[in-house]
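Protein chains in written order, with full-length UniProt numbering: chain A, 1 to 374; chain B, 1 to 129.
Be careful, since some hints might not be right.
What the hints assert, rightly or not - If you anchor each label on the Cβ, the simulated ranges turn out as follows:
no., chain 1, residue 1, chain 2, residue 2, range
1, B, Glu114, A, Thr311, 50 to 58 Å
2, B, Glu20, A, Asn247, 50 to 58 Å
3, A, Gln329, B, Ala66, 58 to 66 Å
4, B, Asp69, A, Pro36, 22 to 30 Å
5, B, Ala127, A, Gly281, 51 to 59 Å
6, B, His125, A, Asp343, 47 to 55 Å
7, B, Ser94, A, Gly286, 33 to 41 Å
Hint data in this document are derived by calculation from the structure and do not stem from the laboratory.
Here a beta-carbon is modelled for each residue, glycine too, at the ideal position from N, C-alpha and C.
These are the residues of each chain, in order.
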Amino acid sequence: MNQKNTILTTPLHGLHVELGGKMMPFAGYDMPVQFPGGIIKEHQHTRTHAGLFDVSHMGQLIVSGPDVTRELERLVPVDLEALAVNQQTYAVFTNTEGGIKDDLIITRFADDEFFLVVNAACKAQDTAHLREQLSDDIKIETLASRALLALQGPTASNVMAALAPSTTELVFMRGCTATISGVECYVTRSGYTGEDGFEISVPGAEADAIARILLNYADVEPIGLGARDSLRLEAGLCLYGHDMDDNTSPVEATLLFSISKSRRPRGAKAGGFIGADSVFGHIENGVTRKRRGLLVQGRVPVREGAELFDTEGQVVGTVTSGGFGPTLQSPIALGYVASRSADFGTELFALVRGKQVPVIVAKTPFISQRYFRG
Amino acid sequence: MSQTPSELKYASSHEWARLEEDGTVTIGISDHAQEALGDVVFVELPELGDRLAAGDEAGVVESVKAASDIYAPIGGEVIAINDALEDEPETVNSDPYNDGWFFRLQPDDTTELENLLGAEDYAEHCAEE
């Protein structure tokens, strides 16, 4: 058996194929890149109505045990003690050099129990990291049989109001247990599109039925990974392995918000996480490069890997994600730019097939985020 | 199913070529190609007067997902380009064989068209990919 030939599927694979999804391998899973409507229509639909995404390829873990809060705080620079039950936070696993091993969402389930959602491509590495770093008293449970659905867009809450009314009272980054059509799910008000929306963790065996119930609503259309990428890019959200990785610190990645104030220098619980010295160096002394948004002038898409130059022709950075923003009707990109050229409004050039394409350093998100904060 | 009009010739790299009555040859990308690419957001065309040999890179078509090169299916001089694609690249998706054409060549040698695939062989080639 050739290991490389085994491709995994999610519990919704059959449904994707039935709906005409164009299937492609992604992080070891056979996933829909788009459905017959195409990426731009799917993108617009999510911005105006509600899109249903299968994100079951992502890793769902439960980490529990005595003093798990303090133990996990060694791996992420977040004040987990301050996290209430059913509250969630964005976080990064740091490495010893202060780089980013992965980014994740942590939800407190109970005093000594957390629910983690990690990137598909990092699942095995993250599980190993947790096992290595946490004491033997801590239980790490991989919820391999569970599916994860995301319902995203301005009318997502109307759909949830009909199916599980209690969930519409959730504000951004809060979760609750809810019963949808007799199935117990864990629902959070979160997502990665910049829109209001929900993520629904559901037993794999029930995922197909729940997805079909959601798709029965006129407002809900299935959305593939192509539009998921263009939506997160417009929302200025990082994609692990592209916009940050083992060699970029949270400070360079402009993810300082993922470091709780109490864990920063002079905070009440300053440091105490892997790579804190390096990260603190970046906070205190500044960084030589920063992640920035890039507004592309004209219509030529500027993609990952394109080099960035200042007006004098000096290399000042690299594009890490780039494509077309259907809401903006323009190409957009994220990239790392030398701090001296990273002021908003700075005019740079990206080199695309030997030609200079003007870009302007911009704030992200490129669109206004519409999270529901109550 | 994607369409492969029988009056056209096709390159295995998914361009089509149509011999016009005036002896020029119009080039575009096939329905199969536009479908595989998805929403087209940018087309880079050759310049008027460019001389291309069969197989030369002649431009780039970019979808939301990725960029793909376009090759000249036969050799010749570029005598017209479809400027309308600059503002409406999506025409390549909606009408790949007519309004979505890319450029027109004054061919060096029209017998080069015989090296290209007929509609049936091309459809078979797509099915095998």
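Verification of the hints:
no.: 1; hint: B:Glu114 with A:Thr311: 50 to 58 Å; in the structure: 51 Å, holds
no.: 2; hint: B:Glu20 with A:Asn247: 50 to 58 Å; in the structure: 55 Å, holds
no.: 3; hint: A:Gln329 with B:Ala66: 58 to 66 Å; in the structure: 19 Å, violated
no.: 4; hint: B:Asp69 with A:Pro36: 22 to 30 Å; in the structure: 26 Å, holds
no.: 5; hint: B:Ala127 with A:Gly281: 51 to 59 Å; in the structure: 58 Å, holds
no.: 6; hint: B:His125 with A:Asp343: 47 to 55 Å; in the structure: 52 Å, holds
no.: 7; hint: B:Ser94 with A:Gly286: 33 to 41 Å; in the structure: 50 Å, violated
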